[in-house]
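Chemist: The primary structure of each chain is shown beneath.
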Amino acid sequence: MEALFRNVRELVERAEKEQKLISEIMIEQEILMTNRSREDIMIQMDRNLTVMEEAVEKGLKGVHSVSGLTGGDAVLLQAYREKGNTLSGDLLLDAVSKAVATNEVNAAMGTICATPTAGSAGVVPGTLFAVQNKLNPTREQMIRYLFTAGAFGFVVANNASISGAAGGCQAEVGSAAGMASAAIIEMAGGTPQQSSEAFAITMKNMLGLVCDPVAGLVEVPCVKRNAMGAANAVVAADMALAGVTSRIPCDEVIGAMFEIGQSMPSALRETAKGGLAATPTGKWLESKIFGGAVVGSGQ
Amino acid sequence: MKFKSVFDIIGPVMIGPSSSHTAGAARIGRVARDLFGRQPDWAKVHLYGSFAETYKGHSTDVAIIGGLLDYDTFDERIKTSFEEAQKAGMTYEFIPETGHVDHPNTARIVIGDEKSEMSMMGISIGGGKIEITELNGFPLRLSGNHPAILVVHEDRSGCIANVANCLYKYDINIGHMEVSRKEKGHMALMVIEVDQNVDKEVMDELKKLPNITQVTRIAD
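First to last, the sequence lines map onto chains X and W.
Under the working numbering, read the first sequence as residues 286 to 584, first letter to last.
Under the working numbering, read the second sequence as residues 4 to 223, first letter to last.
No lab work stands behind these hints: they were computed from the structure.
A hint or two may mislead.
[Said to hold, decoys possible] Think about it this way: if two alpha-carbon atoms lie no more than 27 Å apart in a straight line, the pair counts; the simulated DSSO-like pairs of lysine-lysine are:
id : chain 1 : residue 1 : chain 2 : residue 2
1  : X       : K558      : W       : K59
2  : W       : K7        : X       : K343
3  : W       : K59       : X       : K509
4  : W       : K7        : X       : K489
5  : W       : K59       : X       : K343
6  : X       : K302      : W       : K7
7  : X       : K558      : W       : K7
8  : W       : K5        : X       : K573
9  : W       : K82       : X       : K509
10 : X       : K489      : W       : K5
11 : X       : K305      : X       : K419
All figures in this text were calculated on a predicted structure; none of them were measured in a lab.
Only chain X is shown next, with the shape it has when bound in the complex:
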């Protein structure tokens, strides 16, 4: 079955030519590729949205992982935000705290919806539920947010990679942030081209991001990278809505991400052998959690 789009250029061209939303092109492609009914597809995405809502809700009540490395930060962020005197602004910190909430639930082996992976599951819902408070979308618009994000993720997955082990964290949180940014644009009433610009701007600022989980766990630095991915997505969406464009076309940015991922040493691709995982404290934490010889000197 031939896909309706293989890259972002084709996706945007089709949306413009047919005067449709990117989410609609993604829904039509899903119908075409899987022979499922529109109703079925919408119901499944609605369920995914519900899983995301429940994860954020759970995370905001405060969860902690078995290792003790992560947990409770979403609660701190929400409490700080509620004081109403944040530097970076209410929406931004709301997105950040909800991204953290989701990833804290993930680290604690709770139920989440991968977007596009579990390690990067916070960015898309975090931004969605923060922007929701500002734009008051309908349930259908919220579901469409996930299809728009999915359309861009689909391109990355098929032309580059969404796996940290294959392409570093730029492939996971980088992709998630780009996807969220493109989806914010559609929800905010921007054009398909602006979605593409927002994705490109976001991804450009995630290039080179290594995957170096301490003790091999999806906790440090994953949770905080989701936080910053969410912030990156919101700011890039504002830039694109302001009319800022990316000098390097979106598909070429995705290509660059793939090339960078290919040339990354394996120590920096989810093996827990390099980067933060290889710091003295990282090694000390690993030995503390899993036993074995204490290699580093911890705090």
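Based on the hints, put chain W in the right spot on chain X.
Modeler: Leaving out everything else, chain W in the frame of chain X:
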């Protein structure tokens, strides 16, 4: 195209913490069980690359056992699958390997009971999506995302045509098909991905075809 559905990107709904190392691992375990056709008595799981380095932290081991117990990616019982396996009388062993493999997230699952043994190699390619790359020494490519039939047969002319004709008779469309053999004239394998689930009637008819040794089905 490796990824065909938007739900490969926005999904799966799963127990954390890692789509490739937890959800993908559970799926690899579950396909192994499907191929084996029943719950094995024992499992030896060889882990390679990133799986070998990080399996404890990602609960890859727990997830693979969950899959072998037939749990889906979002089944809460994944968390306690070691205890569940013990209750079910299944023993298991994990062997981290240092050898080179093509994909960083690779597992070789060897399972068996008193009747038979099976070896399967699976890779987790990201976002919870997996591929099966080897079965009992036969190289193959199986996404695990579509219903599929595996046919072990004698390497004789007409086998492939007979199987294809049988599927045609029941109006089952083949989406992807691979054939392989270790040695001319000996054991051969057909891997057929189809568009809909294959019911028992078709399976029984396939089993009766000449020179067919074993037919296994993997539901979507």
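Chemist: Does each hint hold? Answer for all of them.
Modeler: Hint-by-hint comparison with the structure:
no., hint, in the structure
1, X:K558 with W:K59, "holds (15 Å)"
2, W:K7 with X:K343, "violated (31 Å)"
3, W:K59 with X:K509, "holds (22 Å)"
4, W:K7 with X:K489, "holds (26 Å)"
5, W:K59 with X:K343, "holds (25 Å)"
6, X:K302 with W:K7, "holds (23 Å)"
7, X:K558 with W:K7, "violated (33 Å)"
8, W:K5 with X:K573, "violated (39 Å)"
9, W:K82 with X:K509, "holds (24 Å)"
10, X:K489 with W:K5, "holds (24 Å)"
11, X:K305 with X:K419, "holds (24 Å)"
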